[in-house]
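Participant: So the chains spell out like this:
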Amino acid sequence: MEVSRDTLLEMYRRMVRIREFELAAMDLFKRGQVKGAVHPYIGQEASGVGVCMALRKDDLIAGTHRSHGHNIAKGADPKKMMAEILGKETGYCKGRGGSMHIAAFETGSLGALAVVGSGIPIAVGAALGFKMKGEDRVAVPFTGDGGSNTGNWHEGLNMASIWDLPVVFVLENNRYAVSTNIRYSAKIEDLSIRAQAYGIPGVRVDGFDVLAVYEAAVEAVERARRGEGPTLLVTEAYRFEGHYAGEPEVYRDRAEVQEYRKKDPIPRFRKYLIKEEKASQSELDDVDAEIRQEMADAVKFAQESPQPDPATAMDYIYA
Amino acid sequence: MATVGKDATSLGTTAPTMSPDLIMQVPEGVPAREMSYQEAIREALREEMLRDERVFLIGEDIGVHGGAFGVTRTLFDQFGPERVRNTPISENTIAGAATGAALVGMRPVAEIMFVDFSGLAMDQIANQAAKLRLMTGGQCKVPWVIRMPQGGGAGKSTAAQHSQSLEVWYAHIPGLKVVHPSTPYDAKGLLKAAIRDDNPVIFLEHKFLYAFRGLVPEEDYVLPLSQCDIKREGEDVTVVALGYMVWHAMAAAQTLADEGISVEVVDVRTVSPLDEETIGRSARKTGRVVLVAEACRSYGPTGEWGMVVMEQAFDYLQAPVVRVTGRNSPIPFADSLENGVWPDTDDVVNAIRRVME
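For the record, the sequence lines run as chains S and C. Going by the numbering used here, the first sequence opens with residue 27, and the numbers climb by one from there. Going by the numbering used here, the second sequence opens with residue 2, and the numbers climb by one from there.
There could be a bad hint or two in this list.
[Stated by the list, open to error] With the Cβ distance kept under 7 angstroms, some of the chain C side facing chain S (calculated, not the full set):
hint: 1; residue: N87
hint: 2; residue: P89
hint: 3; residue: A98
hint: 4; residue: G101
hint: 5; residue: M107
hint: 6; residue: M123
hint: 7; residue: D124
hint: 8; residue: Q125
hint: 9; residue: T137
hint: 10; residue: N200
hint: 11; residue: D276
[As the list claims (entries may be wrong)] Using 16 angstroms as the maximum straight-line C-alpha spacing, the simulated EDC-like pairs for lysine to aspartate or glutamate come out as follows:
hint: 12; chain 1: S; residue 1: K159; chain 2: C; residue 2: D348
hint: 13; chain 1: S; residue 1: K157; chain 2: C; residue 2: E83
hint: 14; chain 1: S; residue 1: K157; chain 2: C; residue 2: E236
hint: 15; chain 1: S; residue 1: K159; chain 2: C; residue 2: D199
hint: 16; chain 1: C; residue 1: K142; chain 2: S; residue 2: E330
hint: 17; chain 1: S; residue 1: K326; chain 2: S; residue 2: E132
hint: 18; chain 1: S; residue 1: K288; chain 2: S; residue 2: D311
hint: 19; chain 1: S; residue 1: K297; chain 2: S; residue 2: D311
hint: 20; chain 1: S; residue 1: K61; chain 2: S; residue 2: D341
hint: 21; chain 1: C; residue 1: K142; chain 2: S; residue 2: E132
hint: 22; chain 1: S; residue 1: K159; chain 2: C; residue 2: D53
Calculated from the structure, these hints are not laboratory results. Cβ coordinates follow ideal geometry from the N, Cα and C atoms, glycine included.
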């Protein structure tokens, strides 16, 4: 597949933006400035970016508790995201959602639903709405390997398949549901074969390779847009950090983590861009520096923003 | 007047005497016809689907079969499989799909076959739909209705997993509205309001009331949500009741009127958000209060209504508040046992006598 230089550079930019956002968020968390929890997407950047670069702005994604990356990949503004995770009025959700519930409707993110698997039925319904209204939009729910064991997931794949709904189910197999490795929670090793049970294509790609993810996503999205129904896209990934920032990770060896870290999608893509002469070392250095500055600005914006007025605590309950 | 409505003798031993006030509820001078509660709900669905093409139905066996209680019968023929959308048995995804469709501008009306099955949909209803607006800081709204039959009653015997009254499951969740009409007139007007409302609305229909008949206006009308309705005005005692229990309350009021006790019957209609004002005002007026609900006693709706009375009318009370409720038991099968756990007209009469002592 021929991918334009602009698209390639935008992929790189978004992957670095996710990485830098997560590093900044973890740093704020360690300094006690973020309440609740931060679930870093570090290591999975190629998956979210590869998928979202295949989408139009008016296509919708549904996320999970680990969706900073999905939102950035879909084009969300790191300033408003950082403000949200610090619980500020200037955040996307005016401080009502926090890290686990970032929704940016303006960029086609209908929300991060933090009960594992629960975004699936909602995305199926959004796709039903698109179809009934005669729109050629596509809905993309993200889940992890853990989410693919929920009733929601199986009900949702079934319903989307019988109605040929425009959904691309993205299963990011990062190997762990909190502490439980997928080998203890699924009899099969290749989760994409679950698609066969619903009579839809199941595609498995290297989740560290942004181009492989992108190409598979383009095909699935086009199929959905043509009205031919859903696809299950499994991206084989790994969660480099703990389940949440500061989580002790007693359930896995450091050696295993180090082994996977060698597959880091960002240096890998960087090497590819330079080797294929799509970008020079210094161009990419400039992107890195620009994004670090962007993140410093985002942190400053978030820190300086006001918390919501307690008098507004009862706002937004009913429309 | 007595000829309008279903013959009480066919309803079993605990059925209430038919109340003319409930049957003839239509405002004076408004042209009306008689229809059942079930037909009134169907007419509301049909009219809203004709009025707004974004409205569609989704649920199990609601197509040709017309739903477990026949409520959607004929709608499939009229609107087709796109807008009367039969689903697999997937309650959580029915509810979730309604949310997703609502988020992109549709106005879904889902049916869960029995309220008892809605536990399977609880995550989507309570964790997702109810919270999305707040969690997103007002970026979205979730305008859906989920219709669910609930309750039981004389001679139906559907046992422990098909007979519960579960309004408080949903009333406890901020972000949801919960409606439970008692008459055909209310059912139609409140369902139309629920469909036009921009929030997720749990619309509970009483299974035993489906066959109850009453007058419904010919013209289009919508009733306000979150407004109790005074079904009968009185001076001596207030009876606050919900759903089918409103009929028992009205029958009790009629019986006691013959003895010179004037009973005011407040039909709660919308369980949440609750119209506390009307309950408080009536309690202050009469100074005596009886609360009647079919749901089991502990942590049931009467506990909430009783606190509203405490907060709004304590200084006016002339007697302790009394409640008449279902007992704290799963619903047993045999008629005799059902009658042992559900309240009836006699229970309400006795409670009123107690607060009048």
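Participant: Evaluate each hint against the coordinates.
Facilitator: Consistency of the hints with the structure:
1. The interface hint given for N87 of chain C is violated, since its Cβ lies 10 angstroms from the closest Cβ of chain S, which is over the 7 angstroms cut-off.
2. Residue-level restraint check for P89 of chain C holds (minimum Cβ-Cβ distance to chain S is 6 angstroms; threshold 7 angstroms).
3. For A98 of chain C, the interface hint holds, the least distance from its beta-carbon to any beta-carbon of chain S being 3 angstroms, beneath 7 angstroms.
4. Because the smallest distance between the Cβ of G101 of chain C and any Cβ of chain S comes to about 2 angstroms, under 7 angstroms, the interface hint for this residue holds.
5. Satisfaction of the interface hint for M107 of chain C is found here, the shortest Cβ-Cβ separation to chain S being roughly 5 angstroms, below the 7 angstroms cut-off.
6. This hint is violated: M123 of chain C has a C-beta 11 angstroms from the nearest C-beta of chain S, more than the 7 angstroms allowed.
7. Hint status for D124 of chain C relative to chain S: holds, with the closest Cβ pair at about 6 angstroms, below 7 angstroms.
8. At about 6 angstroms, the closest approach between the beta carbon of Q125 of chain C and any beta carbon in chain S falls short of 7 angstroms, and the interface hint on this residue holds.
9. About 4 angstroms separates the beta-carbon of T137 of chain C from the nearest beta-carbon of chain S, less than 7 angstroms, and the hint is met.
10. This hint holds: N200 of chain C has a C-beta 5 angstroms from the nearest C-beta of chain S, less than the 7 angstroms allowed.
11. Interface hint status for D276 of chain C: violated, as the beta-carbon distance to the closest one in chain S is roughly 15 angstroms, over 7 angstroms.
12. Between K159 of chain S and D348 of chain C, the direct Cα distance comes to roughly 52 angstroms. Violation of the 16 angstroms bound is thereby established for this hinted pair.
13. With a CA separation close to 10 angstroms, the supplied pair K157 of chain S and E83 of chain C stays within the 16 angstroms bound.
14. Taking the CA atoms of K157 of chain S and E236 of chain C, the gap is about 57 angstroms. The hint is violated against a cut of 16 angstroms.
15. Proximity of K159 of chain S to D199 of chain C is assessed by CA-CA distance (about 19 angstroms); at most 16 angstroms being required, the pair is judged violated.
16. Between K142 of chain C and E330 of chain S the CA atoms are separated by roughly 30 angstroms; this puts the pair beyond 16 angstroms, and the hint is violated.
17. Distance restraint check for K326 of chain S and E132 of chain S: the Cα-Cα separation of roughly 23 angstroms exceeds the 16 angstroms cut-off, and the hinted pair is therefore not satisfied.
18. For the hint linking K288 of chain S to D311 of chain S, the alpha-carbon distance of about 20 angstroms lies beyond 16 angstroms, and the restraint is violated.
19. With a C-alpha separation of about 12 angstroms, the suggested pair K297 of chain S and D311 of chain S falls inside the 16 angstroms cut-off, and the hint holds.
20. At roughly 21 angstroms between alpha-carbon atoms, K61 of chain S and D341 of chain S are farther apart than 16 angstroms, so this suggested pair is violated.
21. The straight-line distance between the Cα atoms of K142 of chain C and E132 of chain S is roughly 14 angstroms, inside the 16 angstroms bound, and the hint therefore holds.
22. A C-alpha spacing of about 13 angstroms is found between K159 of chain S and D53 of chain C, which places the hinted pair at or below 16 angstroms, so the restraint holds.
Hint check: violations occur at hints 1, 6, 11, 12, 14, 15, 16, 17, 18 and 20; the rest are consistent with the structure.
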